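*Asks:* If you want the building blocks of each chain, they are given just below.
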Amino acid sequence: MPAGTLYRGREGMWSWVAHRVTGVLIFFFLFVHVLDTALVRVSPEAYDDVVATYKTPLVALLEYGLVAAILFHALNGLRVVAVDFWSKGTRYQKQMLWTVMGIWIVLMAGALYPVLGHAVREVFGS
Amino acid sequence: MSAETTSAVGPVEGASLYDVDNPAPLIEPPRKRTKKSPKTTRTNFELYGWLFMRLSGIVLVVLVLGHLLIQLVLDGGVSKIGFAFVAGRWASPFWQTWDLVMLWLAMLHGANGLRTVINDYAERPTTRFWLKNLLYTATVFTVLLGTLVIFTFDPNIR
Ligand code: HEM
Ligand code: HEM
Numbered sequence: 001m002p003a004g005t006l007y008r009g010r011e012g013m014w015s016w017v018a019h020r021v022t023g024v025l026i027f028f029f030l031f032v033h034v035l036d037t038a039l040v041r042v043s044p045e046a047y048d049d050v051v052a053t054y055k056t057p058l059v060a061l062l063e064y065g066l067v068a069a070i071l072f073h074a075l076n077g078l079r080v081v082a083v084d085f086w087s088k089g090t091r092y093q094k095q096m097l098w099t100v101m102g103i104w105i106v107l108m109a110g111a112l113y114p115v116l117g118h119a120v121r122e123v124f125g126s
Numbered sequence: 001m002s003a004e005t006t007s008a009v010g011p012v013e014g015a016s017l018y019d020v021d022n023p024a025p026l027i028e029p030p031r032k033r034t035k036k037s038p039k040t041t042r043t044n045f046e047l048y049g050w051l052f053m054r055l056s057g058i059v060l061v062v063l064v065l066g067h068l069l070i071q072l073v074l075d076g077g078v079s080k081i082g083f084a085f086v087a088g089r090w091a092s093p094f095w096q097t098w099d100l101v102m103l104w105l106a107m108l109h110g111a112n113g114l115r116t117v118i119n120d121y122a123e124r125p126t127t128r129f130w131l132k133n134l135l136y137t138a139t140v141f142t143v144l145l146g147t148l149v150i151f152t153f154d155p156n157i158r
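Note that the protein sequences, when read in sequence, are chains D and S.
For the record, in the first sequence the residue sitting at position 18 is 18 according to the numbering used here, with numbers rising by one throughout.
For the record, in the second sequence the residue sitting at position 44 is 44 according to the numbering used here, with numbers rising by one throughout.
Bound-form chain D, shown alone:
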């Protein structure tokens, strides 16, 4: 394994893979999301029916996953911008990735109760 290069199997490559996978996932979600929001033009009942699925425990889990994907893509996207525009960006790319992961873990822990709390109450009784 050639050491000292940015890519090729090290942190740089895996963060790029994760950035790509999360970006594609978010795009597909957004496509569906605009379609479901468009139901407000059909009728209040049609919209509320579909939004009801967003409130089920299983979908809450998917929402947590979506939050995970977006938070990673957003934070790592800022890291990519820093690597490209900050003169010391490439030198600190690895440290910045671990900073990204640190902030990500903290925010994911913070999102646990707001996003999944209602699902847990529903599954395990109030």
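Honestly, the hints are just simulated from the structure, not real lab data.
Model, not experiment: these values are computed from the prediction.
Just so it is clear, CB atoms sit at the ideal spot from N, CA and C, and this is done for glycine as well.
A portion of the hints provided could be inaccurate.
Beyond 10 Å from chain S on every Cβ pair, some chain D residues (computed) [said to hold, decoys possible]: (1) 11; (2) 12; (3) 38; (4) 43; (5) 86; (6) 90; (7) 91; (8) 94; (9) 101.
Chain D stretches covered by chain S per the calculated footprint, using a threshold of three residues with CB under 8 Å from any CB of chain S [as the list claims (entries may be wrong)]: (10) 17 to 25; (11) 28 to 36; (12) 55 to 67; (13) 75 to 81; (14) 107 to 117.
Following the hints, complete the assembly by docking chain S with the ligands onto the known chain D.
*Replies:* Positioned in the frame of chain D, the structure of chain S with the ligands alone reads:
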């Protein structure tokens, strides 16, 4: 120098043939663009695309993370969402504008990103062509639908 001396590469724009000060034939740099070279069809599209990904990304951090905070965390999380909630939000031009800008930036950012992904993995020209056609069609459709929904929203639909 005598007038019948001819250049090895033919008369070069604006420059005289060689004389005492230019004893050797004048040879143009190989890729020099002159009045005679065809108009270039190249643009800086990829550069602007690259820049757009970064600038829109920075704006999207605020718009999308703010949106998620409002929809999933504040004021009861998803449980509060419903037609009445949306009606309340889109009564305000501020949130209409927020959603509109978020819609356009996220769709264009995502579509441009997906274009890169297709270019990377779809190697056969026909596959690339059809995948990108599908992508552009879906993108135009989604952006127009979302825009229409924001502008024509009617809280008294019933
Ligand atoms: C599960 C998480 C999400 C929930 C519960 C949610 C909820 C909503 C709701 C209730 C609306 C209606 C208008 C409003 O209240 O502002 C809306 C609109 C919108 N959301 Fe989300 N959202 C989520 C995630 C996202 C994400 C990740 C994006 C961007 C990538 C996004 C982009 C949009 C856009 C562009 C609109 C406007 C749609 C239109 O023009 O018709 N949303 N969302
Ligand atoms: C939340 C703020 C966001 C930031 C800071 C951000 C940042 C970035 C950056 C800087 C790139 C370029 C990466 C590169 O050239 O290597 C990128 C690529 C991409 N983004 Fe985003 N983005 C954000 C939101 C989104 C959203 C909402 C979507 C989906 C609708 C999305 C989908 C994509 C895709 C598909 C790519 C292409 C990935 C690749 O070529 O590997 N991004 N993002």
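*Asks:* Where does the structure disagree with the numbered hints, that is, which hint numbers, in rising order?
*Replies:* 3, 4
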